[in-house]
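With chain A's structure known, arrange chain B on it following the hints.
Chains as they are written, first to last, in my numbering: chain A, 1 to 206; chain B, 1 to 969.
Read the hints as simulated data drawn from the structure, not as lab findings. Errors might be hidden in some of the hints.
[Unchecked claim] Derived coverage of chain B by chain A (criterion: at least 3 residues anywhere in the stretch with Cβ under 8 Å from a Cβ of chain A; other residues may be distant): (1) 161-174; (2) 257-268; (3) 589-599; (4) 730-743; (5) 787-799.
[What the hints assert, rightly or not] Quick list of simulated restraints, FRET-style, between CB atoms: (6) A:E187 <-> B:L142: 40 to 46 Å; (7) A:P149 <-> B:D757: 43 to 49 Å; (8) A:P98 <-> B:N775: 22 to 28 Å; (9) A:G59 <-> B:K774: 38 to 44 Å; (10) A:E187 <-> B:R359: 49 to 55 Å; (11) B:E477 <-> A:T86: 47 to 53 Å.
These numbers were taken from a predicted model, which means no experiment stands behind them. All C-beta atoms, glycine included, are put in the ideal place defined by N, C-alpha and C.
The chain contents come next:
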Amino acid sequence: MTANRHSPIQCQDKPVESEFQNGFEVILTYTNENRDSALIDLSHRSKWDVQSSSLEAIGPDILKIPSEPGDCIYQNGLLVNRLNKTQLNIWNLNSEGPTFPNWFFLTEITDGQALVALVGTSALSIFEKVSGLDLKGPSRKEMFVLQGPVVHVPMQVAYLSQSFLLLGFSRGYGQSAEEALLDAGAEYGLQPGGERIFRHWLAKLF
Amino acid sequence: MKRLPLSSTERIDRNKRLGFTYQGRSLHGFEGDTVATALLANGFSIFSRSFKYHRPRGLFSLDGESSGCLMRINHTPNVRAEQTLLREGMFIEAQNVWGTPEADKLALVGGFAKLLPTGFYYKMFHRPYRLWPFFQNRLRNLAGLGSLDSAWKDDIYDNLFLNADVCVVGGGPAGLSAALAAAEEGVRVILLDARPWLGGSYDWRTRAYQGQPLYARSKDLATRVSSKSSIRVLLHTSLIGFYANNHLTARQIGGVSDPFVERYLEIRAKAVVVATGCTERPLVFENNDRPGIMVTNCAERLARTWALLPGQRAVFSVSDDLGLEAALSLSELGMEISALSDSRQLGQNEELLAHLKTRDIPVLKGVVAQKAEGKNWVQGAQLVSLQSGSVHRYKCNLLVGSAGQVPALGPLILAKAKLAYDEKKGFFLPSSLPEGVLAAGRMIGLNEPQAIETSGTLAGLKAAEWCGSDSASRIREEEQKLRSLTDQTNCSTFVKAPGALAQSFVCFDEDVTVKDVLSGCDEGFDSVELNKRWTTAGMGPSQGGTAGLNLPFVLSEHLGKNHGEILPSHVRSPLSPTLLATYAGRNYHVYKRTPLHDAQERAGGIFRLVGVWKRPRYFSTDFTCSEEVRNVHENVGLIDVSTLGKFRLFGPDALKALQKLYIGDMSKIVSGRAKYAAMVNEDGCLIDDGVVMKMGENDYYFTTSTARAAQTAEWFRYHTRYESWDYKIVNLTDCFGAINLAGPNSREVLRQMTEADISNEAVPYMAFREIVLKNGIPARLLRVGFVGEMGFELHVPSSFTESVWNLLLELGKPFGISPFALEAQNVLRLEKGHVIIGIDTELRVTLNDLGMGFLWDRNKKTNTIGVPALRQTENQPGRMKLVGFKTENPDETPPDGAIIVEKDIRGHVTSSRFSHILNASIGLALVEGSMARIGGGLKIFKPGMNRKFITATIVKPPFYDPEGNRLRM
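Just chain B, same shape as in the assembly:
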């Protein structure tokens, strides 16, 4: 298609050629072209085939309202060719075709349209029902648009988090005026526009306003906006969601020089001005989907913005003055207009009519398109008089069809604005808006430039006032001005041509015709929400883009109701289709590393994410970790336990806080001793355990489980919020690294590290000391025993921890030291019957149910969280209990989570492992209380065992060293 001569309205840069590939051919377009306009310029007018009948589809609109231009671009399917700016080297493919878009072999499906009525798959393939899965799979394989391409390469998808006083959505005249007015009041403004340039409906129009064409006026406004440092303009940015407190989300498509393909925006604004203008409603008539049929602004913009005359001889069937204006505009560019039909009998703008007359364009009032002729491209139009029924036939290669403008209310609906049907305008308008949300421009029913701009200015001022500026007097002036501007525009509510039925499409995406909608209605699906689900109208990629506008009108006419009586379909985010990659954005993998991360990585640690931490799970590919476990039992091992929560609690009321939160009596903590203590929640469920130490007067140091570290400070504050106690808490989790040295040789290794007396007498089990290690490194030494062997826990300032680890490994060599990781620790603690909170516990079981009631000090006089629940449930029948078990066959180790069956499901295995030292498969299980007796049997079901079970016997933990002698050596 030959480009028109250079004009002031065009947005392409003819000096910048961009090469691309389509159908194996190297082609070129210009910077500023979209993929669709570049293809059109190269003579390709059919971009895809329709979803169901494989009908040819071309450029119908330019703002993504139909799926006709979905293509595979750079291996990404379902990209909107009409909204995607051309980039150098793009690889473009048609989709949903077998062959080429011009000669699609699957087009023969259209010949069976009569056999494929709405809901055919519900009716035809469910009887007998056993056949449904067969058909379901095949139908699903046929359904869907586009396919994933393994050649797709990841690209940069970015994020941006923005804050503003006022966010203006829409960069047309109203949005630009609003942004300027708000900025002049001294507030920060963000302006979003879905198109790659500002100007909205002024951008391409040549109609004169205040002595200059509208496109020039839009450039003036845009220049003024750009000169304001307090206005941030984001182009090619479409709103996705509008949430509470004016939290907006949007996606921005990257320009040629941007480092990202798309980016996801989160915007927080005090006030929002929505000025998204209108969408053009398609006219419904027979073959209204043929390539060569398009809405008025599409035809005019192709010519004015991209210098592409979409046809030489055109027929117009329009419903408003913008249609007349477009016809004039295209006529000025050399298009022959055979006929201009207007569904309105009266009310046309007299000035426009006069201009049309001077150009010899015949205007047919009360006449609409009834049928398009031609196959792969429109070749003629049949017009019908609404009054007489007389038919006129014209040859043409462009049919411009429009049922008028409808406000783009999506953002306001998401913002929970209330809508009301305006009989005069023939569409829904916002009747009440949430606080801090304003609307302006064509979307509130205004059409004249002055009214549009004034409404924008007024909205901008009100938004600024909402943010605190003193704008009252200017608001009064603008309100008065707007009231004086009467809008005489006469709109039409005409949508469907007489006789439109089969092949008259309401929804282009899903190939839903008027006949489909009406048959659905007759079957009882007589509301928009029901009908769209039955017919799938509006359920396709454009999500109600075109279908959503016309479906209510078609239904109301069929049901004999007023247009306002049938509400449009509900709108939900995303308002514009967004790639999952865009939502993911940079998707940074941010996690916590312990101070020993690098050292353990060098030692061959195999890491896993454990909550927010990355920790080594194994130190070899033997995932039973038998060697790591054996070495702890026989020599000495060391494990990184830096992730344990560590806290300082101090202040005059620190003990009161401990007493309230811990279930034991914390007043009994002895200096130099660590007290094992547990916290339960209000239901008596164990939520945390650790050790508590008294470091000085009103000064405590305590540890928590890894999982609870982040919540502990809040847990203390929450449960003491009404107490007015004076205590403070400092999270020291990251301040100290922690190493657990365990095994019969652990003391000997530690002796190489310190001159302090660490004998059993000086540091007995559950004692702690402040000591100094080699090189003067300070350490807090705790004698604890989670893994069942003599053990020392060293808490060392994090920056020193790696040095201590390296020294221990070096000095411990003669004693057989080696690191062990989480899985080995899991086996070792299981041998001792120690629980891990969240693995062996759950919210249904209390401290007593776990057999840990010994931690609860019943003589404590203070009010402690969870005690009432513990008392109430202590002897409650029917509670789950935690028990230990051994399987009868040692080689059968049930998986964690395996269910325990006795006619019914009676419990589940919480954790189970094979213990080499015991030569047995052991585990813990939560079972119904009635089963929890020592010596009782368990039948454990393991997936894949069919009707067989693993049999086990309930035994009393600990399984290993039940007297605890090895801990106290």
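Extracted from the complex, chain A is given alone in its bound form:
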């Protein structure tokens, strides 16, 4: 089988194990990966943009809606990020997840966003080398989403724990932003990681 879909991110590291997901070849394990400091490409995961003047009217039977801009909710494998009063962003963190009907307020943006996970005990130390966004503020909730520049690229940053960040950004920046993040994290042993590492960290958290 050959993949006819391509991720915006191609890692130089040699893959050991991969599988096909929805037309993408997804790397499960890399040769030199570091479970405690990894950057994992999740660009193949489904993503949606939801915009409505009455977001609250959508839930809760369909989707639990985070109440405040900046809040996140993890539900049924979906991370729902409230970006502002009228906009949500949904990332499917499970390899198999729900599909949504063709709702008017929903736009699939899977191919529009690169999505990477920065995991490991040095995640915040690496992050402060590439962004001025304040992830450590005392008033921060357990999980939250911020929007702002990371390696000078506008990104959505979902903070799931101090060892687990998700970065979503325009697909076109995927490769060069990934390279910049790996370079910044080199001193902390940051390596491209396969999806198994992501599953491990996700299972630890939820």
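For chain B alone, coordinates are given in the frame of chain A:
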């Protein structure tokens, strides 16, 4: 120089030897040494020669206040040897010398000092003026310190972006107390210190305070700070800038184990405590720059911190109690002190005087250094009584000279604090601070340890309160405590010894003497800002470090004014000299790639940055791209146009938004048809164009130019911000890749890819369809024609785009398919007379001026951005117009931007290329309206053609297929 026995104050690790090279010799120092102390320990005491007169210069201070220790280290020029920690394998060179620092052949320049007064180059080399360029070049070659070395190798320069509630600048006792107090109130603190360790002015001092020496007290405070997880300490970190909203920038010098050489820090804090202490003011007397003369804290720190006794027999000329304390301290370490002169007649600390007496150190009150003797190293000092004028001479090999302490106010001045001269203290102090900015410690005029620490605690509490903590009661307690602590310190404002004139240096960096300053003053440069520019005092590498402190005093005394009447020179960032490499940091090259980047790279694409995107400009080294263009005209080509902006606009009021932003009537969009539409700004200038399609009820898909993609959503929101319309916009630019298939064979190629009916009847020009390509890949098909041949634009989900591209190339082989890039597209669109926004347009010209007024629907009833301007300017005389032209000689193609001349400059070529299919050089030009008539001539100036011009005739575009038949095949 032999190291002193091990002591509790030293900061070197004698178990860790570090090797380095200097003057071809392999030497060693210890971890904790600076380059300067390591050289001193190895017997090298002259580090460089002065800028102008090539006078020998040695270690004068330890905090980078003069250029005397600028050296070339690891091939980087102008590195401060006294602040640079020694690293294994360092390669160190003297600079600004011809020979060695000890025997510099250029020292003979000093003999001509009388011929080189201040401003000599303004006076001597401008008459006759035609000779100035000759001298200017030679003077510039002589000027400057250090030179670039091609052996310099790039290293790691990093960035760090930090956030804090409170940022404390200065890790001395006040800063440490402030950090602790703020952290105890529960806020996040960042503490910066310019030195490689905490402690500030306590760090080396043995004076007892609360039952322990000050250095031990500083270690206690530092330990407490280190134990607080909410305090982040950044050592060897100097402030660079202090901007609005407490945005600070700093540079950190990497330690031995750090992976970076330097890193640039950006810190955002709610509150800032500035506790940067004081700088020591040099004493101005004859030969005050000789190696072996240094300020008190330099002499004492060399001995206490680095175990290096800077001299065996010393003379002190000081102005405050810290000078007395240093003399005692050095005497305890075995230094013989021949005399201790103090410019103050009265007010010395009695306890210190008593201690000095017990050690038989003669104290001369009201006496100062007048002259230093010796050439490459000080050999004697001449002291003079300020009252009687009597002179005392002493043999010595160390002269410690200080005019007292001055607050290091740089950060507060950058923060826009107001300053006021304090007559009692003899220096400027902050009189009012901006909100969220506090000051503490010696920089607010305090000298006693308890007062210093209390002021720090108080500032820390106030900073925490500013961040929201409930600290009011503790603040009251500390305020009361501070008020009860009276500071009896008696300071001196004495700076310049009697008779100091020539060879009495105000500015070591630029070799500016008292005589220079006074002559400048007499020539009318009688304020600091004027005088420093005339004499260049303070304009050197240390940027007012030493000169900035004394220049106002020397001037005020000469002008008979009070010291407070002449303001010091203005302070600007960078507060500490910073390498450009540090500012650049990692300098990541972050750009956007289209989904076809790799495929085009494999196809031999030559890439260029186009805005945020990297795109192929050519597919061969023939930069005229004649083959790429020919293939589109004759067969079929494909180009990656994924960078076009793509948007979904939906909601009940979506049409209203389109109507307001687009100049055409968007209510006329027909289902299944794409409408070419343009946006103009409030001035009627074309800012964007693209196609708009109706995908369903209240649901639209539209494209924009590449350049406008990023701004489009904001443009819609901005212009509808008062409307309360219910519509939403989604940027799909990166969601879809786009491929333009163009050429007479394009339909045949596409037929290999889809079973959908794509005949001219089913998909006519400017129609669009949703189709399915091979392997079930969904695509949005648009029939458009930017390049002038029959063309189809395929919008495909980005992840599929490379597969579609590869299939097209494979299936299109029998039809002669090949990729073409931006330059070929540029030629093709020019043949059709299509404009590129930003290249053929500018902010002076409207849609009408471009000949595109047909896009404006005048019958539209809605209020549209730019319409009033279009109406007003439609018949306005004197406007620039866009015209097409052909050159008379087809082989003469003017460059883009070439000017059009008719006595005056009358316009310019916006773009021009040679068209192989037309065998002509064609182009578009913006010209004055009066010239814009078909058949009119243009004279185009091309650099290098001297008085000749390229002649061209104005013609009506399109140049190729004017009927558009090839688009509609």
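Now the hints, each set against the structure:
Given a C-beta distance limit of less than 8 Å, the hint that chain A covers the region 161-174 of chain B holds, as 4 residues qualify and 3 suffice. For the region 257-268 of chain B, the assignment as covered by chain A holds, since 3 residues bring a beta-carbon within under 8 Å of that chain's beta-carbons and 3 suffice. Remark: the region 589-599 of chain B is confirmed as covered by chain A, as 9 of its residues place a Cβ nearer than 8 Å to a Cβ of that chain, reaching the required three. With a cut-off of 8 Å between beta carbons, the region 730-743 of chain B has 7 residues touching chain A; three or more are needed, and the interface restraint holds.
Coverage of the region 787-799 of chain B by chain A holds in this model, with 3 residues showing a Cβ closer than 8 Å to a Cβ of that chain against a need of three. Evaluation of the 40 to 46 Å hint for E187 of chain A and L142 of chain B yields a pass: the beta carbon distance comes to about 43 Å. Checked against the given bound of 43 to 49 Å, the beta carbons of P149 of chain A and D757 of chain B, roughly 47 Å apart, stay inside it. For P98 of chain A and N775 of chain B, the hinted distance range of 22 to 28 Å is satisfied, since their beta carbons lie about 25 Å from each other.
Range check, G59 of chain A to K774 of chain B: about 40 Å between beta-carbon atoms, so the 38 to 44 Å window is met. The hinted window of 49 to 55 Å between E187 of chain A and R359 of chain B holds, with their beta carbons roughly 51 Å apart. Checked against the given bound of 47 to 53 Å, the beta carbons of E477 of chain B and T86 of chain A, roughly 50 Å apart, stay inside it.
Checked against the numbered hints given earlier, this structure breaks none of them.
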